[in-house]
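**Q** Now for the letters of each chain:
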Amino acid sequence: MDIYLDGMKAIAPELVLTALALVTLVADLLMRGRNSRFIGYITLAGLAVVGMMLAMRVGAEPQTVFGMVEVDSFGTFFKLFTVASVAVVTVFVLSDRSERKDGIGEYYFLLLGAAIGIFFMVSTNHLLLLMLGLELLSLASYSLAGFHKGERKSAEAAMKYVVFGGLSAGVMLYGISLLYGLTGTLELDVMATQAGNAMPFGLVPQLDHNVIPVAIAMVMVLAGFAYKMSVVPFHFWTPDVYEGAPTPVTTFLAVASKAAGVAALLRFLGALFMTEGVQPVVEWYGDRIGMLLAILAAVTMTLGNLSALRQSSLKRMLAYSSIAHAGYILIGVATLEPDGFSAAMYYMAAYYFMNLGAFGVLLYFESAVGSDRIEDLKGFGWKAPLISITMVAFLVSLTGLPPTVGFYGKYLLFKAGIDHGLSWLVFVAAINSVVSLFYYFSVAKALFLSEPAQRPALSQPLFAALLTGLGLLTIWFGLMPGSIEEFVQRCLLL
Amino acid sequence: MEFLHFDPATDFKLLLAVPLIPLTGYLIQIFFGRKLPRKGDWLLTTGMFVTMMITLLLFAKALYHAYTGHGDDGHATPFWHHSSEAGMTWSWLFQDSEAPNSPLNLTVGILYDGLGASMLAVVGVVSFFVHLFSMGYMKGDHRYHIFFANISLFTVAMLGLVLSDNILFLFVFWEVMGLMSYLLIGHFSHDPKSHRITQAAAACKKAFLTTRIGDCCLFIGFMMFYLHYQTFSFDGLWQATTQDVMVNGWQSWQTTAGLFLFGGTVGKSAQFPLHIWLPDAMEGPTPVSAMIHAATMVAAGVFLLGRLYPVLSPDVLTVITGVGALTAIFAATIGMTVFDIKGVLAYSTISQLGFMVAGIGTGGLGLIAGLFHMVTHAFFKACLFLSAGSVIHGCHHEQDMRKMGGLRKKMPVTFMCMLVCTLAISGIPLFSGFYSKDKIVQSTIMTNELGGTWASSFAGIALPLAASITAFYMFRLIFMTFFGQPRDKHVNDHAHESPLPMTIALTCLAILGMFAGQFWLSNLDIMGSHPTWFETLLGVSHDYTNLSGLYPGVELQNTYVGLDAAKVEAVSHHAHSSAVVLSLSVASLGIILAMLMYLFKRLDPAKFTETFAPIYRTVLNKYYIDEFANKTVIRGSMVLSAVLKWFDGFIVDGIVLSVGRINKALGFFAAWFDKTFIDGLVNLVGAVSNGLGAALRLLQTGRIQQYVSFAVGGGLLTAAWLILS
Amino acid sequence: MALGAYVAVSAALFALGLVTIAARRNILYVLFGIEMILNAANINFVAFNRFNGDGMDGRMFAIFVIILAAAEAAVALAIVLNVYHLFGSTKPSDADLLRE
Amino acid sequence: MENILSLITFIPLVGMMVIICLPKQAIGLIKGVSLVATGIPLVLATQLYFAYDPAHGADGSYWAEEQFAWIKMINANYHVGVDGISLPLVWLTSLLLFLGVPASFGIKKSQKAYYALLLLLEVGIFGVFISLDYFLFYVFWEIMLLPMYFLIGIWGGPRREYAAIKFFLYTLAGSVLMLIAIIALRLDSGTFSIPLLVEMASNGTLTGASLPGGGELLGMSFSTWAFWFLFVGFAIKIPVFPFHTWLPDAHVQAPTPISVILAGILLKLGGYGLMRACFPILPGAFVENAYFLGILGAFSIVYGSFVALGQTDFKRMVAYSSVSHMGYVLLGTGALTVWGTDGAAMQMFAHGTSSAAMFMVVGVIYDRAHHRDLNGFGGLSQPMPVYWGLTTFCFFAALGLPTMSGFIAEALTLVGAFQSSDTRFQALVLFSVIGIVITAAFLLWAIQRVFLGPLNEKYKDYPDMNFREIFCMAPLLFLCLLLGVFPHLILDKMEPSITHLVNLLQSAAN
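Protein chains in written order, with our numbering: chain A, 146 to 639; chain B, 720 to 1444; chain C, 2 to 101; chain D, 20 to 529.
Chain A with its partners taken away, still in its complex shape:
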């Protein structure tokens, strides 16, 4: 029984989060859809509790509970990340002027549900739990994308998302089944380390015998991650869904959901190719996978950037930009080395600040200007200087220029890439970041390089403060990146 209790203790944050989700659901029912803001505040408070619980776990001894849940700092990092994103998204929902005031209690429930999915997804080496977490996240996301039931765009987005997501999940599942059949196990570290012909037999005999089935299974599994991260060729849903979904949901998809994909991929690859006692032939195969990822990275960032160039909608542009950023992150992943992984994690953290910020500003513009077209922002910088300057900081960071956190993240990625023989990829990424300057600064151009706009600014002091805070952090962590990087390094001790 002790083991059971210890296990429950270990997954306490998940339990609290689940409870919180239920509480919001029940509260919404009790209040009959009135006063939804109150539920938002409950969510925030609950997230704060979860966040504190997680924070206390940083650096704790890793353990495996219930045979499949890995409670370790790596997971904690992404859980904290998720909690923070969900909290910010909650604030977005609360500040979204276009959102109804009441009857949106389930909004928070769905967000929390998605968060629970992420929590499990990022903390397991077992393919079953991985799949369950991923599906939970997906189901919540589908609903969120279609949250505005009366809106055609929102409905269409949800439909596309569910079809594409269902397909991807199916493919991944099929891949998992193949992998299971080939190796006789669902546990990744066992696959990697098992040698000989005893049951389960792991990957080694398969790789020795015939790599084709393994390759097919691998690609299918990776497709699932690629879909979550919006990596080419599984990115097609991204622009459409991002554009159609309500902006806070888009933010959630772009930040938390993508981070979950990254985390799961890192864990998958880490457990498969980088665990202690990994068999040489498996490690060798890892290099092939790394090269595949590197190529995908190059294609993804290039496609994302080139497509973003001619977008007139800020939202859609940010969607393509998020595809491009997935490509950058893959540089770190493709190295299949700890420092590459930590670079990817750092970049994820950087991405958190700048993208939350950018989407937040987008939300603000949507309320203030009533449009997300870049053209309509002309001269608005002079009307809302603080938010617009903050936006410039986010744009600079997204482009990857100092003194912002985005630069440091890119620096780490480039460094890892060059250090592990991916100089060509770094070169491609460098050119890409020049290209990205064009479209990012088309926003800055619209904001400031035109005559002041006529439309008055919108006063949302708290929201503005949140954004400014994010902006300042974007710059502060660019100048003093040490703290985050240290944190990342501590969390990466898998």
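To be clear, the hints were calculated from the coordinates, so they are not data collected in a lab. Even for Gly, the Cβ is constructed at its ideal location relative to N, Cα and C. Just so you know, not all the hints are guaranteed correct.
Computed list of lysine-lysine pairs in DSS-like fashion (alpha-carbon distance at most 30 Å, straight line) [what the hints assert, rightly or not]:
| hint | chain 1 | residue 1 | chain 2 | residue 2 |
| --- | --- | --- | --- | --- |
| 1 | D | Lys127 | A | Lys528 |
| 2 | D | Lys477 | B | Lys912 |
| 3 | A | Lys528 | D | Lys128 |
| 4 | A | Lys298 | C | Lys92 |
| 5 | A | Lys528 | D | Lys479 |
| 6 | B | Lys912 | D | Lys479 |
| 7 | A | Lys523 | D | Lys128 |
| 8 | B | Lys1122 | B | Lys858 |
| 9 | A | Lys523 | D | Lys131 |
| 10 | A | Lys294 | C | Lys92 |
| 11 | D | Lys479 | D | Lys128 |
| 12 | D | Lys43 | A | Lys523 |
| 13 | D | Lys477 | A | Lys523 |
| 14 | A | Lys523 | D | Lys50 |
Label pairs and their computed distance ranges (CB to CB) [unchecked claim]:
| hint | chain 1 | residue 1 | chain 2 | residue 2 | range |
| --- | --- | --- | --- | --- | --- |
| 15 | C | Ala9 | B | Ala1439 | 20 to 28 Å |
| 16 | D | Val62 | B | Arg753 | 31 to 39 Å |
| 17 | D | Val62 | A | Gln599 | 40 to 48 Å |
| 18 | D | Asn222 | B | Leu1435 | 52 to 60 Å |
| 19 | A | Gly248 | C | Ser90 | 23 to 31 Å |
| 20 | B | Lys1350 | D | Leu501 | 40 to 48 Å |
| 21 | C | Met57 | B | Ala1439 | 52 to 60 Å |
| 22 | B | Arg753 | D | Thr65 | 28 to 36 Å |
| 23 | A | Lys246 | C | Met57 | 47 to 55 Å |
Mind docking chains B, C and D on chain A? Use the hints.
**A** Quick look at chains B, C and D alone, frame taken from chain A:
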């Protein structure tokens, strides 16, 4: 006579003061000139007077030394001083970290020798008189104070040039003179009342640019010498070159470098083919023409040759002779056809400069003669120009000789001065020009007899011919202007003698133009068979094989090498008598011809021009050299610049654009690029969809099932890669 | 029966699912296609579990997948219903507001 | 003062903060704060200049060094210091930015933002000149771009958006390549410290051996590609043909004070970067390619001057003259002689003063006529004699008239390059001389068209330069003259450092 001894300690301070006095004047004038009484002209003129007196005093010291100092062989010891004797040197580039003698540094000082002393005196004297003359001539000019400031600064530069002990500083002052020449030629280009405002604006630019081509050559020349000898100082260059040549003989690079050096002279001293700026430079006020474009600046090129003579290889000297002789004859022919009074003088100046250059090219005696001609020419040509200025002033800015005539009585002083100087330039004994020009002719004869080159043979014919033509056109000028009947009543009625400052200046310069050649009064050496004062001052020997007065301690490797001194002396004597006869006859021929045509009207010039119409037209149009330069160099540069401008805008800039064009095939990039970058120039959005990359756009169709297909297809590709690799 | 036969059936089902998703003109068929893929995986899980010997991993997984499929179908149908309301069509290609 | 360099660098930042806190309407106060925030660094920099002991640079050490750990994880330090190469440029920066404030008084649009950005720009520029840590260097390098983008983009001419993004794009394209090279160097050496890197390079331990595959990229050896990546980054800034096309557009569209700063200082960053952070770190690759750099330099000289000759826009002409003048920097350093490099360093300073003054000249007439068509003026010297005088002064400084600093720089460069042990440089020098003539040609032609000849009646009532305009321009012209007559004032400070640099490079050549 103690005060005539050269004392380095004090005299180098005086020498330093020579350029500093007008410089101070300039600074005062440029900032406060407008507010000073009489706009400050008195200040600068007084300053120049002091400067002139100093230069004359120092010149007297040099002369005193030359006539009293004794050397081993009874010749005067060279008068040659460097300011390091007085501890006056200046580490120019570095003062702090470098040892003074480091090859990286440049130590500069003042060089004062016979050549420098005479040139300094010439510059001082001419400058002062030009200042004086200008007080009358420029009266009422609306930029009067600026004019004075500019000629003052010009004088500073010229004085500095003469005093430089190294080629780099010479170059510095050389260029500053170019600037001042530019500003002074363009003086009237600011004057709304001037009717030649546009021409003046073009002329000043042309002058600067043309000479700058020469300047660049000069720069390359001494840079090449610096490369081999690591020195800029004249002394160092002489020594290094002669020692090098004694061991290795003349090398081809020395010839190349020497030609480049000569390029400087070609530009500044208006030798063919860079002479084209000088006639145009007459757009400047006449005092400027007198000072800069006759007496001083254009002589700087000749002075430069004098300074650098030991480093010029025989081949270079041959070219110098050839170019000089060509310039002399060719400018003289043009001079016959010009009707503008200043224009005649301008071509005459070019021609005379050709004489000097050709003389220097023949070496030895010719070098001395050429430099001497530079001195004498300075006086009489300055006087001629000022006289012309006086005429123009008297005729209310009429320059066309065809409208003058009979001014003899209206302007007697001007007439007398001009006549004296015309006799001087024509080479009539008793007048200074004779003694210098005669020696140039003598030198060509001598060189030819001692085994000449194609150039000296050419010079032997061209120079006497040019001398004859000179006499002709100068007297043509005198007769057309001062004799006969007034051709334009209006001009003549209003003609008047110039005011006192101008006539004083004229008279003094005319006197110098008469007597600056030979002290014939003292020893009755009318034909100039004795050494002139200039030769004495430079301390050259009779046979001209030893020029150690000019270049102490240097064994020249390009002058009468391997010839017996006695033989040279003998040839020299013989050549002297031939030269005198030749000079006198050609001068007389020219004068008689001019008299027949323009004084007695026995011969009608129109008939000649008709008979030789094609030749006349060619000459009248200055051999079409300006047109040629326009068509080739200037047009060429403009075309090139237009081509490059196009290249820059469309090709270089277009590299980025062409990235876009390649991407036209690749999709969005080009569309975006063009939209943003060639704002509205080409709407490529439509074209994009035709390209390959339309695929990229077409992928995002909005149809979920197509997305699925693409994704599956992409996944298959991925799997295929993983399997195949 | 040999393992190969099971795998062949599952592969065929998977392929059919893909084709259905990509080609059918009714959104409901598309959802069926997804179900087919999930069930193809299920066949694999059960078959592999049977042939890999002891352990219940594969079968467990299959059960979970069935639950997942149900949940997904529920959500998907709700969304499809909403789309039908707004677009008046069940053709997936009719909903193409969101595109380049 | 212990932290004099940090003070110089960050006082403008403080000024910027203060300005941000001031109300928009307090324009007088904003200008006052800007003057103070640029004035104090000028005073401090002047003091530093005179306190600097040049002998210090003879062994490659730095003056007024400050160092403390910044980002420990990657071993990046806040390490600053100056030597004879950077000090004159630091001083020039402080001067031009100080003059840039009164020169901006004519700007009436969003003044608060303008001065704040101007001060931020100053921080970035100072930072680049004083950084001795590559990471810090890069951060400052990029920080500079942003204010420049907005300064051109907001306060520029009609095509300012195009010019601003083009400027940003070019510089960024160069700097990402630079970043890759910096990272590779860091990975190979384990340090960002520029002095340490230089030391390792001179010991021959910086070969890329510790990188995967020996650091090869696309078939190029480590030192080769790292060199070219760095070089392109800096060459774009100089700018060298064919990377120069951003410059005319940026110059033409930028407001006058920004053009002044752009030409006066920003272009120098490229040359400075090469001397500080490219050549000595990869001396082997530099020596291999020195001749090619010389060709680029010489070609830029001639090319820039010819293209300038063909321009009808006054400002564009001046912009191309910068291309021409900055070519000397490459030619001089490529020759690997002390004089050549001295000349190059001096040229950076000389061009910084003369071209800045030239842009002020253009600004004066543009403020009055609101166009810059060279053919549209004429006879302006009549209503504006002082303007004519200063312009002529300035143009002659630019065309390298002796007694002006430009002459010293060009002469040292050319003579130095001529003496290069690589005799092929002699041909380059001869070729470059064409540029000297053409430079004179287009400048004089411009004077003729604008100032001389008959007066265009439209302009007869133009007021002459006012005190503010003269105040902004006169110090620069005075400097041109002062350093032309007394070059030792600056050469003394630079020479030991430069000799050290040249010796380093030469030892790599042997």
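**Q** All hints are to be evaluated individually against the structure, with a verdict given for each.
**A** Right, here's what the structure says about each hint:
1. D:Lys127 / A:Lys528: With a Cα-Cα distance of about 18 Å, the restraint between Lys127 of chain D and Lys528 of chain A holds, given a limit of 30 Å.
2. D:Lys477 / B:Lys912: holds, 18 Å
3. A:Lys528 / D:Lys128: holds, 14 Å
4. A:Lys298 / C:Lys92: holds, 16 Å
5. A:Lys528 / D:Lys479: violated, 42 Å
6. B:Lys912 / D:Lys479: This hinted pair holds, its Cα atoms lying about 15 Å apart.
7. A:Lys523 / D:Lys128: It holds: about 17 Å lies between the C-alpha atoms, which stays within 30 Å.
8. B:Lys1122 / B:Lys858: Holds: Lys1122 of chain B and Lys858 of chain B sit about 24 Å apart, inside 30 Å.
9. A:Lys523 / D:Lys131: holds, 20 Å
10. A:Lys294 / C:Lys92: Holds: Lys294 of chain A and Lys92 of chain C sit about 19 Å apart, inside 30 Å.
11. D:Lys479 / D:Lys128: holds, 29 Å
12. D:Lys43 / A:Lys523: holds, 21 Å
13. D:Lys477 / A:Lys523: It is violated: about 38 Å lies between the C-alpha atoms, which goes past 30 Å.
14. A:Lys523 / D:Lys50: holds, 28 Å
15. C:Ala9 / B:Ala1439: 20 to 28 Å: holds, 21 Å
16. D:Val62 / B:Arg753: 31 to 39 Å: holds, 35 Å
17. D:Val62 / A:Gln599: 40 to 48 Å: Given a distance of about 45 Å, which is inside 40 to 48 Å, the answer is holds.
18. D:Asn222 / B:Leu1435: 52 to 60 Å: At roughly 53 Å between Cβ atoms, Leu1435 of chain B and Asn222 of chain D fall inside 52 to 60 Å, so the hint holds.
19. A:Gly248 / C:Ser90: 23 to 31 Å: With Cβ atoms ~28 Å apart, the hint holds.
20. B:Lys1350 / D:Leu501: 40 to 48 Å: holds, 43 Å
21. C:Met57 / B:Ala1439: 52 to 60 Å: violated, 35 Å
22. B:Arg753 / D:Thr65: 28 to 36 Å: holds, 33 Å
23. A:Lys246 / C:Met57: 47 to 55 Å: Holds: the Cβ-Cβ distance is about 50 Å, inside 47 to 55 Å.
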